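Same order as they appear, the protein sequences are chains R and X.
Each residue of the first sequence is one higher than the last, beginning at 6 in the working numbering.
Each residue of the second sequence is one higher than the last, beginning at 542 in the working numbering.
Honestly, the hints are just simulated from the structure, not real lab data.
Note that the structure is a prediction, hence the values are computed from the model and not measured.
Some hints here could point you the wrong way.
Stated by the list, open to error - Which stretches of chain X does chain R cover? Using the computed rule of at least three CB atoms under 8 Å from a CB of chain R, they are:
#1 558 to 571
#2 649 to 659
Unchecked claim - Capping the alpha-carbon separation at 27 Å, the derived lysine-lysine pairs in DSS-like fashion look like this:
#3 R:75 with X:583
#4 R:31 with X:583
#5 X:583 with R:74
#6 R:74 with R:31
Cβ atoms here follow ideal geometry from the backbone N, Cα and C, with glycine treated the same way.
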Amino acid sequence: SQQGEEDPQALSIQEGENATMNCSYKTSINNLQWYRQNSGRGLVHLILIRSNEREKHSGRLRVTLDTSKKSSSLLITASRAADTASYFCATLRRGANNLFFGTGTRLTVIP
Amino acid sequence: GAVVSQHPSRVICKSGTSVKIECRSLDFQATTMFWYRQFPKKSLMLMATSNEGSKATYEQGVEKDKFLINHASLTLSTLTVTSAHPEDSSFYICSARDLSLSVSSYNEQFFGPGTRLTVL
Chain R
6 SQQGEEDPQA LSIQEGENAT MNCSYKTSIN NLQWYRQNSG RGLVHLILIR SNEREKHSGR
66 LRVTLDTSKK SSSLLITASR AADTASYFCA TLRRGANNLF FGTGTRLTVI P
Chain X
542 GAVVSQHPSR VICKSGTSVK IECRSLDFQA TTMFWYRQFP KKSLMLMATS NEGSKATYEQ
602 GVEKDKFLIN HASLTLSTLT VTSAHPEDSS FYICSARDLS LSVSSYNEQF FGPGTRLTVL
């Protein structure tokens, strides 16, 4: 299968809380990227973490990567209603040119 | 910079007609463009990889005669859904890779806003 797995599939939290989404994949990778998609819209690139990196921050986003477990997590701190969207991880596999997307997590932030 | 556009953003057509979707990199050159399909509340599935000046590479299970891809220039790739049927209704998204960034493991891709196809 092309897809990695993400969990949870859906997450509903109150505004101000932190949201954590997890992604697992199956093969060796060059990098892992997280994207956001609002309903019916295109993808917005959030953050990229290379295979030799373990953690990366960008504003309220924190991404971790554990290549031994083939997993990554995306943490959104102090969530806002505007963070409501679907979040996808995507991996660039070694030797490949294209990205393979996870199944996605639908995040709902309740005001 | 690094903007990718798609046209049209939304199209409704009758069964049996063909629909062409354009993907353009507006401010950079893209040797490679990718076409994805997304069903409602599902992930993106890669359909094909399009390289400028050569034939597209299709993923397993994607009919190349059904989904015609042309990448005639470094800024334009087109996807034509031929003899469309209701089951072809979907959200089609393209992405483009910046030529100047291609020689690295970074492989940054820029995504278009998507085209929603509805076949009646």
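Hint-by-hint comparison with the structure:
no. : hint            : in the structure
1   : 558 to 571      : violated (count 0)
2   : 649 to 659      : holds (count 8)
3   : R:75 with X:583 : holds (22 Å)
4   : R:31 with X:583 : holds (19 Å)
5   : X:583 with R:74 : holds (25 Å)
6   : R:74 with R:31  : holds (9 Å)
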